[in-house]
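Chain A is already provided as a structure; the job is to place chain B on it using the hints.
Protein sequences appear in the order of chains A and B.
Read left to right, the first sequence gives residues 1 to 228 (full-length UniProt numbering).
Read left to right, the second sequence gives residues 1 to 228 (full-length UniProt numbering).
Certain hints may be false.
[Stated by the list, open to error] Here are the computed lysine-lysine pairs in the DSBU-like style, where the Cα-Cα straight-line distance is at most 35 Å:
| # | chain 1 | residue 1 | chain 2 | residue 2 |
| --- | --- | --- | --- | --- |
| 1 | A | Lys132 | B | Lys195 |
| 2 | A | Lys67 | B | Lys70 |
| 3 | B | Lys169 | B | Lys53 |
| 4 | A | Lys132 | B | Lys164 |
| 5 | A | Lys215 | B | Lys215 |
| 6 | B | Lys220 | A | Lys5 |
| 7 | A | Lys146 | A | Lys195 |
| 8 | B | Lys93 | B | Lys164 |
| 9 | A | Lys215 | B | Lys167 |
| 10 | B | Lys53 | A | Lys67 |
| 11 | B | Lys220 | B | Lys67 |
| 12 | B | Lys164 | B | Lys110 |
| 13 | B | Lys53 | A | Lys171 |
| 14 | A | Lys167 | B | Lys93 |
| 15 | A | Lys164 | A | Lys67 |
| 16 | A | Lys5 | B | Lys115 |
| 17 | A | Lys67 | B | Lys169 |
| 18 | B | Lys220 | B | Lys115 |
| 19 | A | Lys67 | B | Lys115 |
| 20 | B | Lys67 | A | Lys93 |
| 21 | B | Lys220 | A | Lys195 |
| 22 | B | Lys67 | A | Lys115 |
| 23 | A | Lys53 | B | Lys93 |
| 24 | A | Lys110 | B | Lys67 |
| 25 | A | Lys215 | B | Lys195 |
| 26 | A | Lys220 | B | Lys132 |
| 27 | A | Lys215 | A | Lys167 |
| 28 | A | Lys164 | A | Lys115 |
| 29 | B | Lys5 | A | Lys132 |
| 30 | B | Lys195 | A | Lys67 |
| 31 | A | Lys53 | B | Lys53 |
| 32 | B | Lys146 | B | Lys132 |
| 33 | B | Lys110 | A | Lys67 |
| 34 | A | Lys67 | B | Lys146 |
| 35 | B | Lys70 | A | Lys70 |
| 36 | B | Lys169 | A | Lys53 |
[What the hints assert, rightly or not] Computed beta-carbon distance windows for the label pairs:
| # | chain 1 | residue 1 | chain 2 | residue 2 | range |
| --- | --- | --- | --- | --- | --- |
| 37 | B | Glu130 | A | Gln37 | 35 to 43 Å |
| 38 | B | Lys195 | A | Lys108 | 43 to 51 Å |
| 39 | B | His210 | A | Pro59 | 24 to 32 Å |
| 40 | B | Glu222 | A | Lys167 | 13 to 21 Å |
Hints are computed from structural coordinates only; laboratory data are not their basis.
We put the beta carbon where it would ideally sit given N, CA and C, even for glycine.
Number of protein chains: 2
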Amino acid sequence: MSSRKVVELFFDVVSPYSWLGFEVMCRYRNVWNINLQLRPVFLGGIMQASGNKPPGLVPNKFMYMTKDLKRLGEYFDVPLHPPSDPFEAMFNKGSLSAMRFVAAVQEKNKGSDQKVELVSRELWRRIWSEDKDITEPASLIEAATKAGLSVGEIKELLEMYTSKEIKDKLKSSTQEAVGHDSFGLPMLVCHVDGKQEMFFGSDRFELLAHCIGEKWLGPKPEKSAAKL
Amino acid sequence: MSSRKVVELFFDVVSPYSWLGFEVMCRYRNVWNINLQLRPVFLGGIMQASGNKPPGLVPNKFMYMTKDLKRLGEYFDVPLHPPSDPFEAMFNKGSLSAMRFVAAVQEKNKGSDQKVELVSRELWRRIWSEDKDITEPASLIEAATKAGLSVGEIKELLEMYTSKEIKDKLKSSTQEAVGHDSFGLPMLVCHVDGKQEMFFGSDRFELLAHCIGEKWLGPKPEKSAAKL
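Isolated chain A, as found in the complex (with noise of 0.2 Å):
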């Protein structure tokens, strides 16, 4: 446990970008020798703190992106489809309250991230797959319930995630995102030879690689592993 190199995602599931990055560090995390902390945050609390603008504003990076997820996620195997009014899912909408229901997720299971995972993925298979809603009640009740959780961990669930605490957390945690200079996600921090290394986006996956003195093997390295 000790001598695996320790990587932290920072992520939003309102970010299509995140999802490719969760879901290439989940692939690599026993591939790799390191040890994944998944950190679930505001994308817009960072967005804000940053001065940032979002990307889409600009109408041939809103097009070009479109392509790019497209490609990106038929590459990566990941079921990316953009939601039919992105603008009202992403900044209208919004993350809030499903990032307070995951940071509820992740102070219920301390010590694992398993389900943090879980009800994350879900969460993105409804904005950036199903074009679903994230933000109701019963949104997260129905992506708790298809990642596994109990009635009884939802019902919980539901009374945490809105309570000073939680909020609380997940400001704190975005403050730390902010704290590495992050200016939008995904971002990964890698911790070598008591340094800090942050890598943003999900296109920095070889050269993280380089950085830990691991090999980059493609999106999906254990198919590419079986290959050689």
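Positioned in the frame of chain A, the structure of chain B alone reads:
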């Protein structure tokens, strides 16, 4: 010749990510079965037409880019060293005259991009490695001399690069880039089965390789191939 896939690389020597893209594509030109076409354009015109803002204006992004370029420069083996005052070099001084000069080199050497490649590399080396000017005629002469151009050729280029013909040529190439929905550089346009696929930046080589039916072997393919 006709069976080779055409890949156009739109670049500006003011852009460090363009330099990475340029060196990688020049290395892959003989590894992949492609016809690489160098397309000198003016980044300032693309930013204005697309309404995009330079990423370095967000402080956290600027700090990240500095680290990112250092890491990428080392990993890609490109001697990237930011100028002491990047804002002065990139925005106040800019690259309009340098890119007109490169456009003149291309106009004078139709049919071969070899001199375009050599002169562009010397210009990048000046601004992005040695913190030297690229706006004055004396700077262009020095770069062209290092690139191996003769005194006679350089004299002719100095007469050409401020002509209406060359100004219009750079303008029309820049408009062509905007027509591909560009919002920054480098931009790669692959012509595959009668269709065009556009890739932005220096972090989609693996996806680009997949798209043209080739394999990504890392930023130094010949070394990597030698290892196999």
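For each hint, the structure was consulted:
1. A:Lys132 with B:Lys195: 33 Å, holds
2. A:Lys67 with B:Lys70: 29 Å, holds
3. B:Lys169 with B:Lys53: 25 Å, holds
4. A:Lys132 with B:Lys164: Status violated; Cα separation ~55 Å.
5. A:Lys215 with B:Lys215: Distance of about 16 Å is within 35 Å: holds.
6. B:Lys220 with A:Lys5: 27 Å, holds
7. A:Lys146 with A:Lys195: 39 Å, violated
8. B:Lys93 with B:Lys164: Judged against 35 Å, a Cα distance of about 21 Å means the pair holds.
9. A:Lys215 with B:Lys167: 46 Å, violated
10. B:Lys53 with A:Lys67: Distance ~21 Å between B:Lys53 and A:Lys67 Cα, so the pair holds.
11. B:Lys220 with B:Lys67: Holds. B:Lys220 to B:Lys67 sits at ~21 Å (cutoff 35 Å).
12. B:Lys164 with B:Lys110: Holds: B:Lys164 and B:Lys110 sit about 18 Å apart, inside 35 Å.
13. B:Lys53 with A:Lys171: Holds, because 29 Å separates the two Cα atoms, which is no more than 35 Å.
14. A:Lys167 with B:Lys93: With a Cα-Cα distance of about 47 Å, the restraint between A:Lys167 and B:Lys93 is violated, given a limit of 35 Å.
15. A:Lys164 with A:Lys67: 40 Å, violated
16. A:Lys5 with B:Lys115: 46 Å, violated
17. A:Lys67 with B:Lys169: 29 Å, holds
18. B:Lys220 with B:Lys115: Cα-Cα ~22 Å, so holds.
19. A:Lys67 with B:Lys115: 34 Å, holds
20. B:Lys67 with A:Lys93: Distance of about 34 Å is within 35 Å: holds.
21. B:Lys220 with A:Lys195: Distance ~27 Å between B:Lys220 and A:Lys195 Cα, so the pair holds.
22. B:Lys67 with A:Lys115: OK: B:Lys67 and A:Lys115 at ~34 Å, within 35 Å.
23. A:Lys53 with B:Lys93: 26 Å, holds
24. A:Lys110 with B:Lys67: Between A:Lys110 and B:Lys67 the Cα gap is close to 33 Å, so the pair holds against 35 Å.
25. A:Lys215 with B:Lys195: 33 Å, holds
26. A:Lys220 with B:Lys132: It is violated: about 44 Å lies between the C-alpha atoms, which goes past 35 Å.
27. A:Lys215 with A:Lys167: Violated, at about 38 Å.
28. A:Lys164 with A:Lys115: OK: A:Lys164 and A:Lys115 at ~22 Å, within 35 Å.
29. B:Lys5 with A:Lys132: Cα-Cα ~41 Å, so violated.
30. B:Lys195 with A:Lys67: 14 Å, holds
31. A:Lys53 with B:Lys53: 10 Å, holds
32. B:Lys146 with B:Lys132: Holds - the C-alpha atoms of B:Lys132 and B:Lys146 are around 14 Å apart, at most 35 Å.
33. B:Lys110 with A:Lys67: 33 Å, holds
34. A:Lys67 with B:Lys146: Outside the cut-off at roughly 41 Å; violated.
35. B:Lys70 with A:Lys70: 30 Å, holds
36. B:Lys169 with A:Lys53: 34 Å, holds
37. B:Glu130 with A:Gln37: 35 to 43 Å: 42 Å, holds
38. B:Lys195 with A:Lys108: 43 to 51 Å: Hint holds: Cβ distance 49 Å, inside 43 to 51 Å.
39. B:His210 with A:Pro59: 24 to 32 Å: Check passed, 27 Å falls within 24 to 32 Å.
40. B:Glu222 with A:Lys167: 13 to 21 Å: 54 Å, violated
In the structure shown, a violation is registered for the earlier hints numbered 4, 7, 9, 14, 15, 16, 26, 27, 29, 34 and 40, in ascending order.
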